[in-house]
Structure formats: structure tokens, C-alpha cells
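Colleague: Sequence:
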Amino acid sequence: MVLFVGYVFAFIGALAAYHLSEGKSKKRKYIVWGITFMLVISPLLSFQIGLTYGLIIRNIWAIPVTIIILFTIGFIIGLIILLIGIFKKKETDVPV
Numbered sequence: 001m002v003l004f005v006g007y008v009f010a011f012i013g014a015l016a017a018y019h020l021s022e023g024k025s026k027k028r029k030y031i032v033w034g035i036t037f038m039l040v041i042s043p044l045l046s047f048q049i050g051l052t053y054g055l056i057i058r059n060i061w062a063i064p065v066t067i068i069i070l071f072t073i074g075f076i077i078g079l080i081i082l083l084i085g086i087f088k089k090k091e092t093d094v095p096v
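For the sequence shown, the positions run 1 to 96 when this note's numbering is used.
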């Protein structure tokens with residue numbers, strides 16, 4: 001049961017981000033999803049995946065190494081999504 005708590009909270013965070021970005025512009029969606037990915041989804045998933053991997057291979061040192069690697073990758077992906085949202089130009093309805 002403990003192994004699924006992080007997955008459940010990450011899923012709840014993704015649902016919250018979906019509801020916060022529903023009906024918004026693409027720029028706002030990128031910003032919301034970038035922040036959510038950096039602060040909610042990436043830490044929880046990296047912890048749970050690291051814990052699961054460490055228990056499967058039965059090596060306690062695999063847990064922090066996996067967490068650090070996955071969190072860093074997830075944080076950078078979230079930061080890229082956030083920066084895309086910040087620097088994206090506003091959409092206009094004027095045809096080209």
C-alpha cells in the first residue's frame with residue numbers, strides 16, 4: 001500500500017493541473033503544467049520509482065541515486081515547459 005501513495009498523489013496533482021489549465025490559453029497551460037511538473041509530479045514520481053526500484057533489486061543505495069537522477073531530469077523537463085510558457089507569444093485571432 002505504501003508503494004502506491006506517491007503515484008496516487010502524483011495523479012491527483014496531474015488532475016489538479018488539468019483542471020487549473022482547462023479552458024485557458026496555451027501560454028497559461030504551459031506555465032501551469034511546468035510548475036506542477038517541477039513541484040508536484042517530478043518529486044513524487046522520482047521518490048516512488050526510486051523506492052520501487054530499490055526494493056526490486058534489494059539494494060538500499062539504488063534508492064537515493066535513482067531519486068536524484070529522476071528528479072533532476074523531471075525538474076529540467078518541467079523548467080523547459082515553464083520557460084516555453086513564459087516566453088511564448090500571445091495568440092492572436094488575426095489571420096496571416
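Think of the hints as simulated: they come from the structure by calculation, not from any bench. Please note: incorrect hints may appear among the correct ones.
Unchecked claim - Label pairs and their calculated CB-CB ranges:
| hint | residue 1 | residue 2 | range |
| --- | --- | --- | --- |
| 1 | 12 | 68 | 37 to 47 Å |
| 2 | 61 | 88 | 38 to 48 Å |
| 3 | 24 | 65 | 34 to 44 Å |
| 4 | 90 | 52 | 14 to 24 Å |
| 5 | 84 | 15 | 15 to 25 Å |
| 6 | 58 | 27 | 40 to 50 Å |
| 7 | 83 | 2 | 16 to 26 Å |
| 8 | 87 | 57 | 39 to 49 Å |
Just so you know, even glycine gets a beta-carbon here, dropped at the ideal spot from N, CA and C.
Colleague: If any of the earlier hints don't hold here, list their numbers in rising order.
Modeller: 1, 4 and 7
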